[in-house]
Every structure is written in structure tokens, then in C-alpha cells.
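Peer 1: Modelling step: build the complete structure from the supplied sequences, incorporating the hints.
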Amino acid sequence: MNVLDIAGLRLSVGDVPLLADVTVRVGRAETVGLVGESGSGKSLTSRAALGMFPRGARVTGHVTAAGVDVLAAGRGALRDLRRTRAAMVFQDPRASINPVRRVGDYLTEGLRASGVPAREAAARALDLLDQVGIRDPGRAVRRHPHEFSGGMLQRVVIAGALAAEPDLLLADEPTTALDVTTQAEVVALLKRLQRDRGTGMLFVTHDLDLAAAVCDRVYVMYAGRVVEEAPSAGLFRAPAHPYTRALLEASPSARGERAEIRAIRGRPRSLAEAPSGCSFRDRCPLADDACARKVPDIRPHGTSLVACLRPQEVTP
Amino acid sequence: MKARTLSVWAARRALGAALTVLVATVVVYGALRLVPGDPVVALSAGRRLTPEQIEALRHRHGLDRGFLQGYLSWIGGVLRLDLGTSLNYQTSVMSLITGRLGVSGLLILYSATLAAALGTAVALVSAVRGGVADRIASVLAAAATATPTFVASIALLALFSIGLGWFPATGAGTGPADRLWHLTLPAVAMAIAAFGVLARVGNAAFAEQLGREHVVAARSRGVGTAAVIRRHVVRNALAPLLTVVGVLVASLFVGTAVVETAFGLDGVGSLLVTSVSRRDFPVVQGIALIGIALFVVVNTLVDLVLPLIDPRVTAGGPRR
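Chains as they are written, first to last, in our numbering: chain W, 1 to 316; chain S, 1 to 320.
Keep in mind that a hint or two might mislead.
Stated by the list, open to error - These stretches of chain W come out as covered by chain S in the derived footprint (C-beta under 8 Å, 3 or more residues): (1) 16 to 24; (2) 71 to 84; (3) 92 to 104.
As the list claims (entries may be wrong) - Restraint-style ranges between C-beta atoms, simulated for each label pair: (4) S:136 with W:142: 40 to 46 Å; (5) W:192 with S:312: 31 to 37 Å; (6) W:72 with S:312: 40 to 46 Å; (7) W:16 with S:251: 43 to 49 Å; (8) S:247 with W:197: 49 to 55 Å; (9) W:312 with S:211: 20 to 26 Å; (10) S:226 with W:249: 47 to 53 Å; (11) W:270 with S:305: 44 to 50 Å; (12) W:192 with S:243: 43 to 49 Å; (13) W:265 with S:211: 30 to 36 Å; (14) S:251 with W:150: 40 to 46 Å; (15) W:95 with S:243: 20 to 26 Å.
Don't read these hints as lab results, they were simulated from the structure. A quick note: this is a predicted structure, and the numbers were derived from the prediction, not measured. Every residue, glycine too, gets a C-beta built ideally from N, C-alpha and C.
Peer 2: Structure follows, in C-alpha cells:
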């Protein structure tokens with residue numbers, strides 16, 4: 001049973017299409033990466049899991065999160081899902097915690113909303129802060145967000161997400177706004193907590209290396225579509241989509257070999273401005289006329305599922 | 001540690017306020033000296049005065065001494081709550097003003113309450129609902145802001161007093177209920193422009209908070225809509241709103257001049273108008289001082305309350 005099951009998700013606002021036929025699955029205790037450049041639709045996809053869509057969005061497809069049919073759910077059912085079964089950690093902890101309220105209020109708010117008595121919620125808040133490694137939780141709950149460093153604050157956000165004891169954890173670029181050393185600590189914390197509790201995690205990032213290190217499986221998104229899905233190890237060894245390979249070649253490697261860094265020509269496209277057929281073809285070195293005819297179907301190649309007509313030319 | 005930062009910060013604010021008042025008194029006093037010709041002519045305003053009276057005026061306003069000495073003697077009187085004697089009424093300026101502060105104070109309070117309550121309500125509804133409600137509110141607010149108080153006064157008088165006969169046209173009434181009834185139209189007249197400003201500023205403040213990520217994050221945690229609006233939108237917009245309310249309250253004091261004259265109310269505002277037209281300089285000086293004091297006190301109070309609303313206010317100040 002998957003904790004997140006997104007199938008054939010299409011989303012548009014007015015005449016502007018943003019997501020086309022997105023399929024993402026996360027199993028219990030599994031960590032799944034969602035990788036892409038800005039505008040690829042990865043944040044939209046992760047927010048869809050909680051039924052959070054832009055104003056005026058038209059949505060079709062299927063989204064099931066922690067057993068709740070999100071697109072069919074009413075307000076009450078969605079609120080219940082967000083309170084007790086699925087939680088999100090946002091990119092910038094300074095922006096995602098109300099700056100004028102105390103850290104203790106932040107942690108107890110969700111608990112109180114799901115009916116936990118005030119005293120019990122306060123005790124849980126202390127316990128949660130302790131679990132995420134914040135010293136002197138008793139003092140911390142009385143402080144305001146601006147009195148914490150970014151890394152410490154992200155721990156508070158993670159503590160808040162854990163308060164719900166969720167089956168599904170959505171991490172939307174949880175380390176992008178942090179220092180590199182803090183990044184490692186936060187990732188380690190997320191992994192540890194997820195392992196202890198058997199939570200399924202959707203890890204959204206633009207950093208392919210980070211995704212490969214953290215995740216069991218990775219989805220690569222481009223212009224509102226999933227273009228490749230593969231186990232992390234396979235994705236690195238043998239990328240099947242030209243875009244995935246280009247992403248790998250565009251990021252410096254810390255593994256010692258001094259491969260040349262190659263930038264991807266052109267700029268990222270959104271779904272609305274993508275060319276006909278394969279969205280990546282105007283930036284792809286392998287593209288020819290056949291790529292313009294229709295959007296390539298997803299099919300297996302090696303360990304990957306890939307939306308490309310000639311994956312054998314990417315990695316033989 | 002934190003309490004000390006806060007008290008140091010509060011002391012600085014209070015000192016700043018005192019300095020502002022000090023500078024303002026110099027300007028108020030100096031205005032008399034800037035009058036072309038002999039200031040005594042301005043002070044006597046064409047009345048026939050005996051040489052003794054002229055000498056007394058000169059002495060009272062320090063015109064027989066240099067600027068600094070004159071100012072010091074005048075400010076010394078002010079500090080003893082002696083604002084001099086009205087040339088028009090021949091009584092103490094202080095008693096003239098304090099006798100009328102009740103009406104004007106109630107009028108300002110009534111008007112500020114109306115403007116704050118309605119302005120914030122319209123701002124919140126328009127920001128949350130958006131769409132047509134937002135557009136209607138923005139037109140309403142712009143129209144209200146652009147309506148001069150004297151036009152509003154005349155329109156309200158014509159409609160509700162002369163036309164419908166619901167409210168009295170003049171007088172401040174006797175007894176609490178009667179007084180409120182009498183002050184309703186003038187309070188509404190003054191509140192209209194303030195309402196417009198608050199509806200606009202409030203709408204912007206609420207809309208900004210609604211778009212903030214911490215509001216999205218609160219929703220993502222399953223916090224109900226009403227609680228999100230109360231704890232994360234209204235709570236966070238309070239600081240800018242309170243600042244605007246502070247300025248508006250002080251500007252309402254100025255507005256009493258128009259409204260009290262239009263509605264025949266015997267308050268500080270109408271006293272100011274009469275005194276200006278009769279060139280009763282000591283009274284004008286006294287009212288100017290009270291207006292400045294009100295402005296500074298209200299804004300200092302707002303500044304002192306702000307750190308309680310937004311703890312980051314003091315954080316930018318001296319480091320711990």
C-alpha cells in the first residue's frame with residue numbers, strides 16, 4: 001500500500017497548463033526524490049498531495065495521500081489529512097514559521113487543532129524539540145523564531161511536522177536555504193526520524209546529487225512532466241533520459257574524477273512554453289524530427305522508466 | 001537580559017518624544033516673532049489697548065527680552081500649565097481649552113472607533129474574499145479617502161438631519177446617551193476619510209500576510225481558516241495598522257476644527273477657528289501645543305506597544 005499515489009495528474013490555471021500526466025508513488029518507509037529545475041512543477045506536485053492548489057486551478061487525475069482521496073475530499077477530510085496523516089517541511093524555515101509568535105505556539109497549534117489538551121500539547125512540544133536535537137527545550141518554546149539560527153529553526157519545523165505523526169512526509173527543498181554543514185545535519189535528522197517511524201518521504205530538490213544520496217528512487221521532472229523514474233543508483237550509473245544525463249554533467253562531482261562541467265544550452269521551459277512533442281527537444285543534443293511528432297510514452301530501459309524515443313543513445 | 005534591552009529601547013523612545021515636543025514649542029513660540037512688524041500689533045489684533053495692557057502683553061510673551069529669554073519665560077509658564085490669557089475672552093487659555101476638551105475628546109474617540117472598526121472589517125473581508133468584493137471595497141475606500149470632511153459634513157446634515165430628521169443638526173446634547181446621539185453625525189463625517197485610509201492600508205497589510213509562506217504553511221498543517229486568519233493574518237497585520245491608527249487619531253484632532261464649526265459644537269476645534277479669525281494668538285498657541293502633545297503622545301504609545309505585537313521590533317536595536 002502506497003502512502004502517496006499520484007496518477008495522471010493534470011493541472012492548469014486558466015489557459016496555462018502547469019502539470020501534464022504526472023505519476024508519482026511513494027511506499028511506506030520509502031524515500032522518493034522529485035528532482036527538476038525551477039518551474040518544472042515539482043513543488044506543485046508535492047503540494048497536490050495535501051490538496052493545496054493555486055487559486056483557480058483545474059485539476060484532473062488521481063491523488064491518494066495516506067489513504068485519503070485528495071481530489072474528492074471535502075474541507076473537513078483535507079484538514080484531517082493535514083493534521084494527522086501528512087505533513088510538509090518547507091524550504092525556508094524563516095518564512096514558514098510565523099515570526100511574531102513563539103516557537104511553542106507553532107508546535108502546539110497543530111496538536112491543539114486536532115483536539116489534544118493544552119497541557120498535553122505543551123509536553124509533546126518539549127518532547128518533539130528534544131527529539132530533533134534542540135537543547136533546553138523548556139527555554140526554546142518561549143523564544144521567537146528570530147532568536148534561532150536557520151538550521152535550528154528547520155529542526156523546529158521538522159518537529160512540528162512530526163507532531164502529527166504522519167504516514168507521509170513532504171519535504172519541499174528542506175535544505176536549500178541552509179548552510180552546507182547544516183544541510184547534512186538536517187538531512188541526517190530527516191532520514192533518522194523517517195527510519196524510526198516508517199514514514200514515507202517525498203523529497204523535493206533541484207540537487208540531483210543530494211537526491212541520489214538521500215532517496216531510494218528518484219523521479220526527474222521537466223516542464224510539468226515526469227521524464228524519468230529510476231532507483232537512485234541506476235540513475236547515476238546509467239541515466240536514460242538526455243535531460244537526466246545533462247543534469248548530471250552540469251553539476252560538479254565531489255567524487256574525485258575531474259569531469260568537465262557542461263551547462264545545458266537554452267533555459268528551463270515551463271509546460272506552457274514547451275515545444276510540441278518532447279518538451280526537452282529544443283535543448284536536446286539528440287533530438288530529430290521524430291521527437292516533434294508526439295509526447296514520448298514512458299517505457300522501461302535498463303533500470304529506468306523513461307519518456308524518450310532513443311534512450312539507448314543516452315546510455316547504451 | 002531581554003527586559004533590559006526593552007527598557008533601554010523604551011527610554012530612548014520617550015527621550016525622542018520629549019525632544020520632538022521641545023523643538024515644536026520653539027516653533028510655536030517662534031511663530032509669534034516671525035509675524036511681520038511689531039508682534040504686539042498681531043497680539044492685540046486691532047483692539048484698543050491701554051499702554052499698561054501693551055506692556056503686560058510684551059512682558060507675558062517675552063517681547064521685552066531676547067528670543068531665548070523670552071522663550072524660557074514663556075515655556076516656564078507652559079510648564080506650570082499657564083498658557084496665558086485669551087485676548088478675546090479675557091480668561092485663562094487653559095480653562096478655555098480644558099472646558100472644551102470633553103466634547104472634542106469624545107468626538108475624536110467616537111470617530112476613531114468607527115473608522116478603525118469599519119475600516120479593518122472592510123479591509124479584511126475584501127482581502128480574504130478577493131474578486132468583486134475586493135474591487136467594490138477599493139472603489140469605496142478611494143471615494144471615502146477623497147471626500148473632504150466639510151463636504152461630508154454638509155451632505156450628512158442635509159440627508160440625516162434636515163431631510164430625514166434622524167439626528168440633531170447642532171449642539172452637543174446633555175447626558176451620555178443624548179451626547180452620543182448628538183455626536184454621531186459629526187463623528188461619521190470625520191471618520192469617512194480615516195475609514196478610507198484604513199480600508200486601503202488594511203487591505204494591503206492583510207493581503208500581504210495572506211500571501212506569506214507561513215500562512216500557506218499553517219494551512220498545510222490543517223489549521224482551520226478562521227484560526228489562520230485570526231492568528232496569522234490579522235495578528236501579523238496589527239503592527240502596520242496600529243501605526244496608521246496612531247497617525248489618524250492625531251489628524252482627527254485637526255479635523256475637529258471643520259466638523260465642530262459645521263455642527264455648531266463648542267469644542268476645541270471650533271475654539272481654534274474662532275480664535276484664528278479673531279486673531280486671539282495665545283489661544284491658537286495653546287491649542288497648537290495641545291495638538292502637538294497629543295500627536296507625540298499617541299505615536300509614542302504606539303511605538304511602545306509595537307514590541308509587544310512584533311518581537312522583532314526591538315531586535316534591530318541595540319544588541320544584547
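Peer 1: Now, for every hint given, state plainly whether the structure supports it.
Peer 2: For each hint, the structure was consulted:
1. For the segment 16 to 24 of chain W, the assignment as covered by chain S is violated, since 0 residues bring a beta-carbon within under 8 Å of that chain's beta-carbons and 3 are needed.
2. A stretch counts as covered by a chain when three or more of its residues have a beta carbon under 8 Å from one of that chain; for the segment 71 to 84 of chain W and chain S the count is 7, and the coverage holds.
3. Counting residues of the segment 92 to 104 of chain W whose beta carbon lies closer than 8 Å to any beta carbon of chain S gives 8, which meets the minimum of three for the stated coverage.
4. At roughly 44 Å, the beta-carbon separation of residue 136 of chain S and residue 142 of chain W lies within the given 40 to 46 Å, and the hint holds.
5. As the Cβ distance of residue 192 of chain W to residue 312 of chain S is approximately 32 Å, the hint placing it in 31 to 37 Å holds.
6. At roughly 42 Å, the beta carbons of residue 72 of chain W and residue 312 of chain S sit within the given window of 40 to 46 Å.
7. Here the CB-CB span from residue 16 of chain W to residue 251 of chain S is close to 45 Å, well matched to the stated 43 to 49 Å.
8. Between residue 247 of chain S and residue 197 of chain W the beta carbon distance is about 52 Å. The supplied range of 49 to 55 Å therefore holds.
9. Take residue 312 of chain W and residue 211 of chain S: their Cβ atoms lie about 47 Å apart, and the range 20 to 26 Å is violated.
10. One distance hint, 47 to 53 Å for the beta-carbon pair residue 226 of chain S and residue 249 of chain W, holds here, with the actual separation near 51 Å.
11. Evaluation of the 44 to 50 Å hint for residue 270 of chain W and residue 305 of chain S yields a pass: the beta carbon distance comes to about 46 Å.
12. Look at residue 192 of chain W against residue 243 of chain S: about 45 Å separates their beta carbons, and that is inside 43 to 49 Å.
13. At roughly 35 Å, the beta carbons of residue 265 of chain W and residue 211 of chain S sit within the given window of 30 to 36 Å.
14. In this structure, residue 251 of chain S and residue 150 of chain W meet the distance hint of 40 to 46 Å, their C-beta atoms being roughly 42 Å apart.
15. Distance hint for residue 95 of chain W and residue 243 of chain S: a CB-CB separation of about 23 Å, consistent with the stated range 20 to 26 Å.
In summary, the structure is inconsistent with hints 1, 9 from the numbered list given earlier, while agreeing with the others.
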